[in-house]
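**Student:** Residue strings, one per chain:
There are 2 protein chains.
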Amino acid sequence: MAGELTQETLDPEDWPALRKLAHQAVDEALDYLQQVRQRPVWQPTPAAVAAQFQAPLPRSPQGAERAYHDFHEWVMPFQMGNTHPRFWGWFMGNGTAFGALGDFLAATVNPNMGGGNHVGNLVESQVVDWCKEIVGLPQGSGGLLVSGGSMANFVALAVARSAGAAVDVRAEGVAALPKPLCFYVSTEVHSCIQKAVELLGHGAKSLRKIPVDDRYRFNLAALAQAVSADRAAGLQPCAVIGTAGTINTGSVDDLEGLAAFCRQERLWFHVDGAIGAVVALAPHHRQLVRGMEQADSVALDLHKWLHVPFEAGCVLVRDRKAHRATFSLTPEYLAHAQRGLASGADWFSDYGLQLSRGFRALKVWLSFKEHGLDKYGRLIEQNIAQAQRLGELVCAAGELELMAPVGLNIVCFRYRGQGGTPQELNALNEELLIRLHEGGVVAPSYTTLNGCYCLRAAIVNHRTQTADLALLVEEVLRIGRVLQRG
Amino acid sequence: MAGELTQETLDPEDWPALRKLAHQAVDEALDYLQQVRQRPVWQPTPAAVAAQFQAPLPRSPQGAERAYHDFHEWVMPFQMGNTHPRFWGWFMGNGTAFGALGDFLAATVNPNMGGGNHVGNLVESQVVDWCKEIVGLPQGSGGLLVSGGSMANFVALAVARSAGAAVDVRAEGVAALPKPLCFYVSTEVHSCIQKAVELLGHGAKSLRKIPVDDRYRFNLAALAQAVSADRAAGLQPCAVIGTAGTINTGSVDDLEGLAAFCRQERLWFHVDGAIGAVVALAPHHRQLVRGMEQADSVALDLHKWLHVPFEAGCVLVRDRKAHRATFSLTPEYLAHAQRGLASGADWFSDYGLQLSRGFRALKVWLSFKEHGLDKYGRLIEQNIAQAQRLGELVCAAGELELMAPVGLNIVCFRYRGQGGTPQELNALNEELLIRLHEGGVVAPSYTTLNGCYCLRAAIVNHRTQTADLALLVEEVLRIGRVLQRG
Chain A
561 MAGELTQETL DPEDWPALRK LAHQAVDEAL DYLQQVRQRP VWQPTPAAVA
611 AQFQAPLPRS PQGAERAYHD FHEWVMPFQM GNTHPRFWGW FMGNGTAFGA
661 LGDFLAATVN PNMGGGNHVG NLVESQVVDW CKEIVGLPQG SGGLLVSGGS
711 MANFVALAVA RSAGAAVDVR AEGVAALPKP LCFYVSTEVH SCIQKAVELL
761 GHGAKSLRKI PVDDRYRFNL AALAQAVSAD RAAGLQPCAV IGTAGTINTG
811 SVDDLEGLAA FCRQERLWFH VDGAIGAVVA LAPHHRQLVR GMEQADSVAL
861 DLHKWLHVPF EAGCVLVRDR KAHRATFSLT PEYLAHAQRG LASGADWFSD
911 YGLQLSRGFR ALKVWLSFKE HGLDKYGRLI EQNIAQAQRL GELVCAAGEL
961 ELMAPVGLNI VCFRYRGQGG TPQELNALNE ELLIRLHEGG VVAPSYTTLN
1011 GCYCLRAAIV NHRTQTADLA LLVEEVLRIG RVLQRG
Chain B
561 MAGELTQETL DPEDWPALRK LAHQAVDEAL DYLQQVRQRP VWQPTPAAVA
611 AQFQAPLPRS PQGAERAYHD FHEWVMPFQM GNTHPRFWGW FMGNGTAFGA
661 LGDFLAATVN PNMGGGNHVG NLVESQVVDW CKEIVGLPQG SGGLLVSGGS
711 MANFVALAVA RSAGAAVDVR AEGVAALPKP LCFYVSTEVH SCIQKAVELL
761 GHGAKSLRKI PVDDRYRFNL AALAQAVSAD RAAGLQPCAV IGTAGTINTG
811 SVDDLEGLAA FCRQERLWFH VDGAIGAVVA LAPHHRQLVR GMEQADSVAL
861 DLHKWLHVPF EAGCVLVRDR KAHRATFSLT PEYLAHAQRG LASGADWFSD
911 YGLQLSRGFR ALKVWLSFKE HGLDKYGRLI EQNIAQAQRL GELVCAAGEL
961 ELMAPVGLNI VCFRYRGQGG TPQELNALNE ELLIRLHEGG VVAPSYTTLN
1011 GCYCLRAAIV NHRTQTADLA LLVEEVLRIG RVLQRG
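Residue numbers (our numbering), protein chains in the order written: chain A, 561 to 1046; chain B, 561 to 1046.
Keep in mind that a hint or two might mislead.
A pair holds if it fits inside one copy or across any two, identical chains being indistinguishable in the list.
Only pairs whose alpha carbons sit at most 30 Å apart, straight line, appear in this in silico BS3-like list of lysine-lysine [claimed, not checked]:
(1) K739 x K765
(2) K769 x K739
(3) K881 x K739
(4) K769 x K935
(5) K935 x K580
(6) K881 x K580
(7) K935 x K881
(8) K765 x K935
(9) K580 x K765
(10) K935 x K739
(11) K580 x K769
I should point out that these hints are in silico values taken from the structure, not numbers from a laboratory.
All values derive from a computational prediction rather than experimental measurement.
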């Protein structure tokens, strides 16, 4: 037999040195979060810093200290800004310090949540059960933590198409369906639903985009007509996707109405609640999402309004067997080992696309325990009240124009000033948004409603204070005036 | 206008207390990793601990200290065990302390890597470029960090089917294809390929499982016959999926042969390198994966043999435009903003399923810089040498039986002792594995080869030392003898 083998490891040669570095990193990270208000919301990455990221694959070690130093100098300062109290772009959470610590602990113990018998499964099961409690689905439902809303919607629609199909779609494929499936969404649907339908092989043309009412909600009469027309044309209506909190304006579909319609028509009812499912926690607004508890499946995000650090989404499916039957490659009758590490009847990898899975459940579990869900409910109310306040400030400022009813926590508006052609106002507000970002004081984002470019503030922020809203209005007025003077 | 709004936040009321807790957590996490060898590889979760995870949704706050305490008492001790030097189950990395710190830092700055103009994009671009360098794909290729091999393969196959289709599959769906597509794999293919093909809507029947040779590699002659037969039957061969490192035995297909065949037949050549793509870093074995650099797409995992904490996978696609065209819902001509936070021509969300994306790039970037890739290459060699040594120990022990040639770092063997019927030996080795796990000294996993239940040690472990292999053999012999005496 050959001689001694080499004995290298990725463990530190000098544990005390790494420990010192870790403590330094913790102190600087907490400083970063504690002082977030003192920094610009956003600033561009300087060219000299950007150039550092052109270096080829490092063959030789640079060491942990140097790597951390480079992070601290090049990466930490030039962030997106969504940790900041005056960031209201797209629809993102801030994260929290303790949530970040959760990711550190998860990566330290580093289990594979795809399967096996270990305590992580109990943590994830509990978190998923908690999510069922939040949205009102039965505890026996299927569920899985996923990367976010896109994957949650994808999983749910995969189950919907398998459960409703006249053939074994997993074995035979979509082309074997006697009638092509149709999926019904409103025109305000999130683009990830289209992506899911395309990837599942149904083609975007199978997606029926139904008009909305003047509050940007699903038009139920138009939905009924579309379903009926498709049936008459020999197609098979499969699922209706309602939205709890649209990305453009925060509107919530009439979920009770959609649920009743789906029951009557025997259609799968899916709720994309990536934005608004958690409104069920808000004492004064939970009636908005009534009907969600009747859904066949719900997608929600925990890294949005619950501020768990990225990534954390969840999909829930009322019919647990249908959920498993869509993804499992382990036959029901084939138990895993009876005892030991490889035991456990139900592995999470049987409920989704991933086999290897990280321990994202931990940061959710820690965060929910830290704050309790009543507090998240109050913070959602706080953001909704802030959005109403911002709407009032916009209406009170003669030069600004509210572009849609304030939906949940989303305010769409623009600078109008002395007015102008539609093209002029679009160009002005587009430039205005860029200057807001470059100024580093406030960071809303944008959308287009009925051809009008709008500034859009989605207040998903546990750090925003009332005074920050006034600052947003001030900055928009200041820059708007400058731009209109030309 | 209404009165003052509430002003709650998820930030700690007492920053110094949270800071103290974070330092405690870092110390205990580093202790955990530094002392990993002193603990059992695996132990069951006691029933009293498991019962704790039945508690309903916490409505009231428990505080960070209590939440961390519960983690420390209930979660930390009952782990899967893949951080341990004597864990050789499935195919998992150990993780590293600095990698875990990377996840903490990523969650602290918490950017959304789906889009926008911020430095995280440069970090991920650089990491993806480094992955191209590792596998030998051109720097102009498309690429994306993903959750792991399952998603990497899914993305690659989605591009393959779109790129090769006679119709616009995204718009029209799979059913509109004039000829059904076929995908070619060996019988040793990983199950996630089947999952991907099913989810994409092609049906498992579109997957042709080609026999392997006696070293568990793709039989090229059988492949050529299958492609030719499908063409004759009016089907459209789409892609061949070669495997660099099969899950059962670690064998590597003849990638050069497959590449030449695909070029000649004008088929998409995908390499599932979740396990073995990184063998390209190993100075004495890189010739095994020669041909990978000719692939149209490659899936690799960084949380396996590179020991980045879960989740970290990567997909690379030679034809960047085809990659983007499969996923982007932003038309090419529609630029994002010209300057500011919303600028940037290329957003990562245009290259995959997810819109919101976490900063998993950071832990990879920090880890690669910490150690340099030459060291990872040496560690891969070390594991391969350890597998060879284990194979020798198995062969030298008369009571054990090597069940397949040692492929890369995977050793499949069983206890034979005095022999027995196939059923008896299967039952014996199944029970033997459970007792190994319950003993907590060593943790291999299992597979079935030609109907024989095997113990399977996949040595993906930067902490394993030579003496650990002898301990595995000793334990198997000890328990095997006990079981055979009955």
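**Student:** For each hint, tell me whether it holds in the structure or not.
**Tutor:** Results for each hint:
Taking the shortest alpha-carbon separations for K739 and K765, both the intra-copy value of 14 Å and the inter-copy value of 19 Å come in at or below 30 Å. In this assembly of identical chains, the alpha carbons of K769 and K739 lie at most 30 Å apart whether taken from the same copy (19 Å) or from different copies (29 Å). In this assembly of identical chains, K881 and K739 lie within 30 Å of each other by CA distance solely inside one copy; the values are 24 Å within and 33 Å between copies. Taking the closest pair of Cα atoms, K769 and K935 never come within 30 Å of each other, the shortest separation being 37 Å inside a single copy and 54 Å across copies.
Taking the shortest Cα distances, K935 and K580 sit within 30 Å of each other only across copies (23 Å), while inside one copy they are farther apart (35 Å). In the homo-oligomer, the alpha carbons of K881 and K580 never lie at most 30 Å apart, since the shortest distance is 50 Å inside one protomer and 46 Å across protomers. Taking identical chains as interchangeable, the C-alpha atoms of K935 and K881 are never at most 30 Å apart, the minima being 34 Å within one chain and 46 Å between chains. In this assembly of identical chains, K765 and K935 lie within 30 Å of each other by CA distance neither inside one copy nor across copies; the values are 43 Å within and 51 Å between.
Taking the shortest alpha-carbon separations for K580 and K765, neither the intra-copy value of 57 Å nor the inter-copy value of 56 Å comes in at or below 30 Å. Taking CA atoms no more than 30 Å apart as the test, K935 paired with K739 passes in neither setting, with 48 Å inside one copy and 56 Å between copies. Taking identical chains as interchangeable, the C-alpha atoms of K580 and K769 are never at most 30 Å apart, the minima being 56 Å within one chain and 53 Å between chains.
Hint check: violations occur at hints 4, 6, 7, 8, 9, 10 and 11; the rest are consistent with the structure.
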